Structure formats: structure tokens, C-alpha cells
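Chains as they are written, first to last, in our numbering: chain D, 84 to 541; chain L, 84 to 541; chain Z, 84 to 541; chain H, 84 to 541.
Quick caveat, the hints were computed from the structure, so don't treat them as lab data. Because the structure is a prediction, the values reported are computed rather than measured. Among the hints, a few may not be true.
Put simply, identical chains are the same to the list, so a pair is met inside one copy or across any two.
[Claimed, not checked] Here are the simulated lysine-lysine pairs, DSSO-like style, with alpha carbons at most 30 angstroms apart:
1) LYS369 to LYS313
2) LYS313 to LYS365
3) LYS479 to LYS365
4) LYS313 to LYS479
5) LYS369 to LYS479
4 protein chains.
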Amino acid sequence: MTATIAITNGTLIDGTGSGPRLNGTILIENGRITSVDAAEIPAGVQVIDAEGQWVLPGIVNGNIHLLDGIMMMGVGGVEYLARYEGNLTSVIEEAAQIALAAGQTTVFDTWNATGPVLASRDRIASGEVPGARIFAAGNIVGMGGPFSADFNLRARQVISTTFANRLDELFSTGVGAEDLSMLAAEDIRPIIRNYLARGVDMLKIAVSDHLLPTLGATRGYLTFSERALKVMLEEGRAAGVPTLAHIQSVEALEISVELGFDVIIHSTLTGQVAIPQATIDKILEKGIYCGVQSVNAAYQSLLEQIQHPFTLYGGGVHIENEQRLIAAGASIMLGTDAGCTSHDVLTDQHGHGDLNRPWTLGTDHVAWGQALIEKGMSHLQVIESSTRIPAEAYGKSADIGTLEVGKFGDVLVLGSDPLDDITALLDVTTVVKAGEVVDRAALPLQPLASVPIPGDPS
Amino acid sequence: MTATIAITNGTLIDGTGSGPRLNGTILIENGRITSVDAAEIPAGVQVIDAEGQWVLPGIVNGNIHLLDGIMMMGVGGVEYLARYEGNLTSVIEEAAQIALAAGQTTVFDTWNATGPVLASRDRIASGEVPGARIFAAGNIVGMGGPFSADFNLRARQVISTTFANRLDELFSTGVGAEDLSMLAAEDIRPIIRNYLARGVDMLKIAVSDHLLPTLGATRGYLTFSERALKVMLEEGRAAGVPTLAHIQSVEALEISVELGFDVIIHSTLTGQVAIPQATIDKILEKGIYCGVQSVNAAYQSLLEQIQHPFTLYGGGVHIENEQRLIAAGASIMLGTDAGCTSHDVLTDQHGHGDLNRPWTLGTDHVAWGQALIEKGMSHLQVIESSTRIPAEAYGKSADIGTLEVGKFGDVLVLGSDPLDDITALLDVTTVVKAGEVVDRAALPLQPLASVPIPGDPS
Amino acid sequence: MTATIAITNGTLIDGTGSGPRLNGTILIENGRITSVDAAEIPAGVQVIDAEGQWVLPGIVNGNIHLLDGIMMMGVGGVEYLARYEGNLTSVIEEAAQIALAAGQTTVFDTWNATGPVLASRDRIASGEVPGARIFAAGNIVGMGGPFSADFNLRARQVISTTFANRLDELFSTGVGAEDLSMLAAEDIRPIIRNYLARGVDMLKIAVSDHLLPTLGATRGYLTFSERALKVMLEEGRAAGVPTLAHIQSVEALEISVELGFDVIIHSTLTGQVAIPQATIDKILEKGIYCGVQSVNAAYQSLLEQIQHPFTLYGGGVHIENEQRLIAAGASIMLGTDAGCTSHDVLTDQHGHGDLNRPWTLGTDHVAWGQALIEKGMSHLQVIESSTRIPAEAYGKSADIGTLEVGKFGDVLVLGSDPLDDITALLDVTTVVKAGEVVDRAALPLQPLASVPIPGDPS
Amino acid sequence: MTATIAITNGTLIDGTGSGPRLNGTILIENGRITSVDAAEIPAGVQVIDAEGQWVLPGIVNGNIHLLDGIMMMGVGGVEYLARYEGNLTSVIEEAAQIALAAGQTTVFDTWNATGPVLASRDRIASGEVPGARIFAAGNIVGMGGPFSADFNLRARQVISTTFANRLDELFSTGVGAEDLSMLAAEDIRPIIRNYLARGVDMLKIAVSDHLLPTLGATRGYLTFSERALKVMLEEGRAAGVPTLAHIQSVEALEISVELGFDVIIHSTLTGQVAIPQATIDKILEKGIYCGVQSVNAAYQSLLEQIQHPFTLYGGGVHIENEQRLIAAGASIMLGTDAGCTSHDVLTDQHGHGDLNRPWTLGTDHVAWGQALIEKGMSHLQVIESSTRIPAEAYGKSADIGTLEVGKFGDVLVLGSDPLDDITALLDVTTVVKAGEVVDRAALPLQPLASVPIPGDPS
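Let the hints inform the model, and build the full structure from the sequences given.
Set out below in C-alpha cells:
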């Protein structure tokens, strides 16, 4: 990581919220930016000429699940887990490579199998394998595994209990609904402390339940008492990790804001009840970061047409909530729930090549940008929300999120102007991560889940 | 109701906790007790000679569901509701008559279809039909109807949506999970006020969820935030009705105690986690009444043998919880969840004539007494718990619960000594309700659910 | 039944296939037609002046299920049976009254609960209650009851086994799949003989399986070996009843034709495989009657739009099969599978007042006529197929099917011309059954299933 | 395959039905037996001294499914297929190696994914990989794939349709229920001819349905008309392959015997109806071979205790059927339905090391022997039924089944006497296949399904 790179002649959109700046030359040495307006380019440096191109910070995706979580709530998750068990890190790394090739240099995985995602995080961090930089929460505290009511309880009718339990344990990691929800608040403390000691990067808590796949979306419960939430927040803060709230009702949102979580994931998912204005005010006052999982109009229309169970989540009051948060100037952060969907599930859903699908990693941030623009964000704000804001939300501003001296050399070069058309984010010419040019064509190195299953003799 | 009755020569166990008293003569005039040690019997009075018999206050059952609620969580509820829809008051009255014939002169129905149960309550109160005196909570606030995840969501796969929705609305009465759980606390207030205006006698709130039939018993959620609970309690208190908490975890119990609910229904159902001693102390300190749904050893053994889903509820830590509450001297009240189970469901379960079955109205209080004695209560305490204590719990001491002057003339005469053997409660010779001798042989007047379905031509 | 009736001045369409005849006067004495061209009307006779009207034989519906069978394959059958158990004859009679009021003076019920349908048949035959004349097959031999895989196996997950088994026995009557399909051919004989001795009017056999509701419509099995079928046919013929085949594949049809069944019910339901021409030739050669359950284009389009599971049954190759049978001149008989659908199920399906719905008794024969005309039948043929042909199919020509001397005085008078527009069949002015004018406005006498469920106090 | 082997000094049980013979020396040259009583051993020959041991023909298992078919009817099949898709030949070969190591030198796979099983057959035949010699039927004609009603229809609720359909097609191979059961007999002919051209070794036909996993075992249908069966048999005979019938009712058995199938698989599975004596007589008269899947008493008792769905199949009338076939002297052939069960499913079922479990390949033939002895077979007959008889049944007597000159050198050497205790079949000292000593310790070469799933980082 000692090579030096210069990116020259491009139009800089540096993520700070400033307007575009012409002819900036960025210098990256030992992985970090040493200049953003270098007058001279040292000899022997690798030069990337961005003449007529646009230069942005690497995308920071604040909410994804590298092993595809959306899929695990519906059909297909069962076979995905059976197929890749024992090899989950390969799929996680495939996902991180797909993200990186698309310009997402950093991803925050806010739910996943803890062991595998931390292992892959470390392998990527050490340079053993390429991929987007991963920060990982592991399980959402209070949520069960993939074969529980939180995802696909019904699958247990057709799979072995031994397999189901093993996977549920792998995912719930001792901090699932069944581990915690019956306990008194203080009995939860040592379990959380123990969990944090595993080295997760964030503490994400199921303030609301996650029973949607089993019960539908018409009711919302609280997983924990406020007393229990306080205990967990104390532990998270003591461990120095950002705290994230999973919510799906206005009371859960209100409690999360009140208790001062750092980030609210899918902050606009409040059933079909509008967020009270007082709550929005408090979010701004407290400087809480808002994850928003937005669906663009084209895809929302498809969901409605096929009566998809997620229709209400992207539509209805959700839309107003998004518009009001944008108008209020909340700190909105890119987050998509995208992951490495299996090839078969995409075939089922006619999803191959569908750029509007919000959950397809690699194009997810573009569909998200479109959706936010439809709801009132400017193009420039979309770029901030996809770079600087998630970095701040997770306390990573020292390293990522803008093109500023001292930060990692994570750079995205585009062939067309994203301030004119946000789909320019798809027109990637170069991705640099920590000062190294990404060999995009080679990624993912060994695709498994994103390509057709190898055939048996027929 | 103007006849005068004298019950003479019996051994009085008056419900106050005093030991048995010989040769008391009770005089009841205009429905109320005017003497408990009358020296002389006025002329023209109807005399019940209780020589060699035992005279108790009428049993007060603090927790039943006249339309059988236990059944609605398993098989059989679907056909029960289909069969008796349009005629639910008849089944409710059948149940109230079965209870009365067994000596339960007052029952507190803590979950039922609000409209029908209030209509039957009023018909019985006015003397239009016989039956145990009913006080009713209607729906448990925050809980859905019989075809929701709170009871039998799966039934919707085979019944018409029109039928399912109509019944769900009849039961949830606008205060179900889907009506309330997505709302902000203050938005709940007018809905509760409105609900109380219907004339329910108690306000029962789902502090815990009731998802057990759909998810199993391994996790517990909170239906409402504390803020929302406080709003509801304010409204209940303003309306002057007792407040009841449905709980199934230690945190839900703790919150309920903290907030000062009057009665905790099934207070020992805390998953498999022991109630913290501090919580027990607070229960006693605050004088909170504890409903306990106990299973006797014989039936518990049967549940375990057939791996019944309710096994853990009657067993495990639940048993210790009961023992500790008894030992601590908590105010424990009779409550059984019994109802008018359908004849077919009892046939399925080999339940006809099974005196240990806790959910068969009419024998439920006896199985309950056995269960409590097994866990450490004295026989005399069982009688208090089945008479005076529930009356106090619900603020009805002025009228019921003991054999004291001024109270309703609700009297149970037994042919053998319940202080010797609690099954003497089955040896009923006479039941008097509000000064009128109950024609026990005639009850239920027109049995529907408790007898075989009439046959079609075969 | 001794009154004499004269129907005068109408245009006669007598069911024989002759064209319309003007000014015929029909005389009915003691329930039977004594003249169709009476020159003089005896004194004291009740005269119905059909001036400007059309006079037809009463409609003969060759395939209905008075307790609605279609519904029992989907949602709603469960609650219907629970609600009306013990009272099934009332619903059967309600259905027969709805049919009669619409001009269906005779119906052939080819599947139903044997005991109830025979009881209602007899009550109507004796004049105890009004209604269409019923001939009944009872169970389809080889088919299980309403809670078996032939209808709604899934319902057993939510209803009591005691209820499920009792109803299954009531319907399968000892000749269900589980009674017979494991037996050797000769062991079936005494069971069939016994069944016929109950007095059923037809012997209907499941040549094909009826697993469609559980397995979908993509495969077809044979319930019995040919050897077993022969045994059953021998018994049916010995008992002098018509023999009916339930088929749903070309092989089942071929076998049924080969063995010489009298009637093939839904003869065109051969999966998506065209009936071989040789089989059609044999049907004509042998004079086998073809039941056809046709769906008109408007309703077929609706089925396709909502992706109804019955879409393929009314559409695809089925349509060609119908066209080819019509073109070949087969003896096609009215049959609709209609029954007394519950009000709730119709609400679910937006079916109230939908004249195209093929399964709503009372308008079913009109939708059927439309469907057959769309496939090539003439209006006059539709009338023959709805009167004379089903009478012949079932060997009842001596009594019903045409306006000829000696037959029952079953007459339908229409206010407009059915040869011009078949929906004239809805324009009924008078129905006469066995010489008695039907009080159409009074029918059904006590509606149960076809009206909203009575409400409980709300 | 040119080495010469001599097996000396053992006690020969040669499979012909003759009693044991002492001190036989078997000579195998170029893979085939050249002497069974060699006086002299040529120089340079590999000598296996079987002094004090017993020498039998290699076991010939007449009915197994290398990919475990039993499992696919219950839980676990879903994850098994997902996990090994694209690699099915590896699992098939693992199974064939487990079988071979246990002394099963030849197996007849009567249902499996056609492409993979034929590929593995060929790889083993060519010597590319070790394993039991495979003869394979591919699909059972008329039966659907693993995600159809024939196995696990319910799985489709949780897996992707793309995956489900691909696997169903892989297994049903164009001759499934949905391909054939709606067709007229003659339309089936070219499809079967085409299927046979793929090179399957046997033609197995679903005379009975295989709906048991979806419908339970209480009813039995015929998949094909006799006419269709005749067409298929004609084609099978023309192709020179043995014909096998899958039956599960007396009528299906009767039809199969009548039509002259070569082998009846699980010939005693006739519901709970005894096989008529006349049918047994005909089986003997026609020399039809009877597959029997027997359960020994210990395992039958376990099945009954846990109320396993297969209880009735191994018990009840089935037992009598087996006893009567044995007593009648029918040609009974070893067949077990065993396969390579997944490690997780065995864990679920506490099946690891359970020698009584009939479906665990490698010990299956021993449990089978025990079961047959319990029902009246002699030890010597068990050995014949496990060697010579299946070879004859499938027309392979020229090559396998006995220790006779000219046959393949397939030899099983045991350390104890199987005529004394049939579990001696587990006491294998040497297995020779086609003259090559099997390296038993090395098999299976690369275990996948029979060992724990490799773990992910935890």
C-alpha cells in the first residue's frame, strides 16, 4: 500500500457539500489523501487522467446485508443457506467485491451471521482478499435467526431441525429474541458485554420486533423495555461503538430518539402512521442520523402491481415521512438492505438487470439516489448522503466520506455528471480504494451466488 | 327478589379468613345478607337447613372467558365461532349458567366479544336469564381477534375473509393490536376513552404480546411503550374501573407493578425466568392482586406426556413462581381461563369428565384449589382466594366475597368439609344467588356448546 | 294436487326440438299434462294467460350440488359446514327452493351428504316442503368427505378431529376413497350393493381422482381399476339406477366410454389434452350423455384476470372439447356444479348479483346457456339440453323434460323470447311444478345460507 | 483388471442355495471367477487366506436410492438437494462407495436423478472412481420430482420456483406425473421410447401413485390405465430392460402381476389389506420377483413409539404379507430403499450408528436380513435373497449373484458365520469386486453427505 496515485483534471465533488470544483488533482500516498489540489505531480506516480470526468469520494453504504437478508424473509433463503453453509465467507466476500466494483468502497453490514462477516471483514482489511471495507454489527440484538419467526419460521416444516438450529445459532449469536426477550434488564447486561467483546463494529438493537415475515406488517411490538434498552446502550457506549435502532412504529422511533441512539435504521418505517412533527424536531435537535430505505417510483409501481408484501413499506405514509425528513433537513444516510441475492431468486423475480430493484447490491445506491431525488433531495445532497453523512453517522469521519487530506484514498471516478443525472453513478470508469486502483473487471473473483448454479449431468 | 331466606345450622366459612363457625344462621332479605347469626327466624321465611353441611360465600372467579378462549388458540375455535355466530350470547349464558350451578355466583370475564358479553351481563343482571353475575373487560386492549396471530391466524387459510374480518372486529372492538400498536401514545387516549364509554367493567391491557399461538412461547414482546400504558391507565382510572395487566415476561410484570395496575392476570407466567424477589416485594408493598392460573400435578403430568404446547406454562419455573408468591403472602386470586369448551373439542382431548382439566368451567375452581394446595396454600386460604380476594381485587367488596351483613346473599352450601378436602367444592347441595335459590338441575337452560351437536339425517 | 291448470295463448317451445308453436294451450290435471293443444278449457280451471309469452318445460339441471360443492374446495366451506351442521336439510331445501323459483323444476344432485339430501328429496317429493324435484347420487363413490384431500384437507389443521371425522363420514357414507381404494375389486361389490340399498337415485363413480384442491390440476389418477369399475357398474345396473362417471383425463374418459357409463359428468375436463376424435365417435355411437360445465367468456376472462385455480378448467383445450362435442352432435346436458353458496363467500368473491358466475344456483343455467351458445350451440339446442336431454340421460323421459301429454306438469313461462336472447330465461313470469303454480316470491321460505349471517350484539 | 486372485481355505456359501462348503479355493482371473475349487494356486497370484472365515458372493441390493429418497419425503431433503446440486454425482458415488465397503458389490438404483446416476454408473463401470456396480432406472415413470406432491410439495412454499422446477425436471426427466398422466395411452409410447434411449438399465413404472408424503397412506390411486401400462411394457421389453412395478394396493399388485412385470418393488405394501391368495399363487406361477422392504421388530417398535408416518408400512398387514410370501416360497429379493442420508437428518432422528434403521446404506442389508428371518426365512435363504435372486430378477445371472465359474469375481469374506447369526454380514474382512480387493478403509473417498457439514467461522 505504498504506491502513490494522482487523479488529475477531473471535476471534484468532494462530499463536503461544496459544489463541483474543476481541475482538482488528488494525491494519494500510503493509502491516504495527501492533497486535493496538488500543483505538481511527483515523479513515478501512477496518474489517472480524469479529464472530462467526475471525481467523488468512494460511496459509503450505511445499511446493507452482504448475505442477502431481504431474500431470507421470502422464498429462496432456505436453499441459499443450505447451499453456501460452510462457505458463507465466500458469499460475503463476493458481495463485498460486487459492491467495491460498483464504487462502494465502504459498507456497513447491519445484520449478518456474526462469525462469517467478522472473518471476511478481517480478511478484506488485511488485504487477503479484495472487497469493500466492511464494518459489521453481526446480529440485531433481540432478533432470531433465519429460521425463526423473524425470517422464515415456515421453513422448519421442510428442513432438518439440526440444520435449522445450527444456522439460527450462527446468526443469532446468543443475542436473539429467545435469548433475551424473557430476561430482566440487568440480566441482559453481561450478555451484551460479552457480545461486544467479539469485536462487532456497531451495536444494533431491535427496538421494534421483526415479525413482519410471519405476521405481516399491520402491528408493531417493542422487543425491549426502555430500562433494558438503557442497559444495552450503556454497554454499547462503554465499548465505544455506534448504536443503531431497528424501528417500525412511531413509539419505537420516539423511544429510540429519546434514548439517543446514534443511527435509526429505516427511520421512516412507521407502519402507516406519519412521524409526529415533534419527533422530527427532536431528531434534528439531537443530530440523530436517519437511515432511509427508499424505493423509486418505477419499482414502487411494480411492487403495487404484483401486490408484493413490501408494498406498504416503500409506499403510503412512508413516502410522506421521507419527504418531511428531507424538507426538515435531517441527516439522511444511504442504506438499502441490499445483498448478494441468489441468481435463482432473481430469476423468479425477473430481477436480473433491473436497475430499479432496491436490493441488488452494486446498483442499489443508484436506485436509492433516484428515489430520494423523487422525494425532494438535490443531486448534491444525494452524494453527501452517500458519502459524508454515513461516515459521520458511524463516527468514521476521520477516515472516509470526503475527499479531504488525511482520509483514505477512496475515490470514485465517473464518466458523466451525477449532478445532472444521478444514474451517472453507474458510469464508473475507475474505483480507487485506499490508494489502490480496483481491478473492477476481475470482481467478483469467484462468483457463487450471483451466477447460475453449476449443472448436474442431465 | 323480595323473598327472605334463612340458611340454618351449617358450619360457616365466611370468606373473611376466620376459621369455621358452627350453627350460624344466615338471613337474606331483598337479596342481601341482613344477619349472619340470627337468633330467630322470622315467620314465612324459606328455610334451608344446612345441618351437617358447610356454608360458604358464592365462589368469585377472577379470570374466565365464557366463550372459551383456550380453545380458540388451538383446533376447534373456528367451528365454534362459525356455529354460534349470531347466537354468541346464548353460549355466554350457557357458560354463566354452568358456572352458577357449580357455585360460582360471580365471574370476571377478562376477554371476550365485547358486545355479546355485555349484553349477556345485562340480561343476567336484570334477571331476564339466570346465570353467574358477570363483570366483563371485553377485549384485552392491544390484542387482535380470534383469526389474528393472537389466536388462530392459520384459520384464515380455510375460512372466508368476510367471516374472519367480521369476527375479528367483533372481538377486537376497535382496540386490537392492529388498531393501536402503530399509534403514538396520545393518539391512543381517545380510542380508550371511547372504548370505556361502552360500559366495560374492567380495563385489561396486553402489556405483553399474545403471539404464543403463532410463535410459540419462547419469546415475549411488549405491546405498548410505558408512555402509552400510562395514558391508558389514566383513562381507566378516570373511568373508575379496575385495571388489569396481561403479562408473560419479567419485564412486563415489572412494568405492570411499577405502573400500579390493580390486578396482574397470570402473574406467574414469566417464560422460564423466575420472578425477581424485588418484584415480589414490590407486589406486596403495592398491594397488587395476583391472578394465578395453576395446573394441578395430575394434569401437568398429562400435558407433559402428550407434549402439549401449554406444558411450560403450567410447569417449570411457573411452579416456583407460584410457590414463592404463596410463601410471600401475596394476594392470590382464583382465575382459570376456563370457558364453555365445545363438546367436540373435549372429545378430541378426552376431556369429558376430567376433573383435573383446568379450563372446564364448573370444575375449574376445584382443580385450581388442588393445584394451589399442592404449591403450599392452606385450604382456608384457597377459599379466601376464591371469594374475598377476587372481590377486593376488583373493588367489589361492598357486594360480594364474604358472608357479611350488607353483602349480596350469594351462598354456597356443601355436603362435605372443604377444609378437609378441597374437592368438597364439587359436593354442592345448594347455591343461592342474591337471595334466590338456584335451580341447579335446570341449568344450563338450553345447552348448545356443552352437548353433542344435533345430528343430520345419516 | 288435484287442481287443473290451463296455460293459454303462449308460444310453446316444448323441449322436443321442434320449433316454437303459437297459441298452444296446455292442460294439466292431477299434476300431469293431459293436453298440449286443448281446444277447449274446462270450466273451473285455473287459467294462466301466457299471451305474448313463451312456454317451456321446467328446466332440468343435470349436475348441481345443493350444498355448495365448489365452495368446499376453497375457503368458506369450513364455516358453512360448521354453521349448518345439524341443519343441512334446511340449506338443501333453501337451495332447491332457489332453483325452483328460477324455473329449475328438477335437479340432479350428483354429490352431496347422502342422508340429508335423501331426506330433503323425500320431504319435497311428499309435498312437505316446496322445492325443485331432487334426484340424488349421494357421495361420488371413491371420493372422500369435505375435510379430505378431495376438498379441504388443510382445514384439519384448525378444526377438531371429532368434527372433521363426523362430517367426512356423513359425506363419504362408507364409499369414500379411504373405504374403497385399497380394496380388491370383489371386496368392493357388497359395499356398493349396500350403498345402493340406501335409495340413492344414481350411482356416480370417481373414475378419475378428485385431488385437484390439494394437488392442483396438472395430474390425473384413476381411482379404480377397470375390474373394480365393472363390478360397480354391474351393481348399479342391477339396482336400475343410471351410472355416472366423474372424469378428468382422456384415459378416464376413454375407460368410462368403453365401459358404457350412462352419463359422463364434465366430460370435457381432460386436463389440457384434447379428447381424441375416436373417443368422441364412440360417445356418439354408444349414445352416452355428456355433462358439460361451461364457463361463459365474460367469467372466463375474470377467472384469468384473478388467476383463479379453476381458470384452466373453463378455458384452454376445454373450450375446443366443448366446441367439438357440439359440432359432433353429442347429447349435451345442462350441468353447472352450482349450489347454495354462502353469503360471505359470495362477498369475498364480489359474486352477489354476478349473472356470469357459473356456480350460483338460480342463474347458473342461464350463464351455462350463454357459454354453450358462444361455443356453437343454437338457442333451441340450449333449451333441449336444459330440458329433454338431461331427462333422457337419467332415464326420466316418462315424467319430465318436454311438454308432452303424460308428463309432469312442469312448466316455465317467460316474458321474452329465449330463442332470441337466452337471458330471457331470467325473465320468468310463472313456474308450474307438477301442476301447481309456484309462489316464487315466497322462496326460499327461510333463507339461511343465501342471506347475511344474523349479527351478534356489537 | 488383469491381476489374479485366489481366496483360499474359507467356508463357501456360494449363493446357489447349496449348503456351506469347506476349504473351497476361488480363483479370479481378469475379473471373473475361473475356478471355485482350484486344487492348485498359480504362482504370482494374490492370495487371500480365508481360513476360519466365510466366503460369499458380493451382496446384490435390488432396491436402493443412492441419493436418499426416504429423506426427500420428509424434512431435510430440501437442504440436501440445495447443498449438493451441481455435485450430485459426488453424493451418488459416496453412496456407492459406502455400499461397496459394506460388501454390496452391485446395487440396483430404482429411483434417482437420471442424468447424475447414469453418469456415476458409467464412471464406476469405467473404473474412474470406485464404488458398487450400479444399475439404474432413473425416474419412476409417472412420478414427479422431489418438490412435487410425490415427495415434498410443501417445500415450494419456501424455496425459489426456479430452483424447484430445475430439480423437478432433473428428476422427473420428462416422464413424470405431469408429463404423462393426462395423456392417452398411445401418446405415451414415444415418450417412453425416448426415455429408454437414454440408456437406463430398468424401466420402473408407478402403477400406484406416490402421493403418500402429501396425502398420507390411507388411499391408493392408479397412475395409469392398463392400456397405458401395456404400451409401456411393450417398449420396455423391446428395449430389453427388466420391468419394475411400484405398487401400493392390491389392485395395483394384481394388475402388475397380470401384466407380467418382471419385478414388483415393495410387493407387500398393499395398504392394510392382505394380498389375496390367488394373487400370491399367480406371482409364483409367473415367476415374478418380489421386492420386499422389511423393517425389523426393534425398529418397527421405535416407529410405533414415535408415531412415525411409515409405521403402517412396516407393520400391520404388511407383516402377514411378508410371512405369507416367504411361506409360499416366492422369489424374494433384497431391497431396502436405503441411500446416503444426510448427517443432519440422521442427527435429527438419532440415527447415527442405529443398525436397525432400514434406510442407512451399508447396514441396510443386515437389518433387512434380520427382519426377514423374524418373518420366517432361513439364514441361507436370506443370503440367496441378497445375492442370486436379485441377480436373476434383473436378468444379470450371467455376471453376478453366485460364486460360480464365469461370473464376476465379486466376493465378500466374513469373519463369522452368517448362517449362525445374520449380523455376521457386518463382520466384513475383505471385499473383492471384479477381482480387485476393495480398499475399504479408504471409502468413501471424499465424504460429503455422510459427515458433518463444514462449519463457518462462529
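Within, between, both or neither, where LYS313 and LYS479 count as close if Cα-Cα is 30 angstroms or less: within (24 angstroms within a copy, 40 angstroms between copies)
Please work out whether the CA atoms of LYS479 and LYS365 approach to 30 angstroms or closer within one copy, between two copies, in both situations, or in neither? within (23 angstroms within a copy, 45 angstroms between copies)
How would you classify LYS369 and LYS313 at a CA-CA limit of 30 angstroms: within, between, both, or neither? The answer is both: 17 angstroms in one copy and 25 angstroms across copies each meet 30 angstroms.
Go through the copies and call it for LYS313 and LYS365: within, between, both or neither, with a Cα cutoff of 30 angstroms. Classified as both: same-chain Cα gap 18 angstroms, cross-chain 22 angstroms, threshold 30 angstroms.
Using 30 angstroms as the alpha carbon limit, work out where LYS369 and LYS479 are close: within a copy, between copies, both or neither. within (19 angstroms within a copy, 49 angstroms between copies)
Of the numbered hints given earlier, the model fails none.
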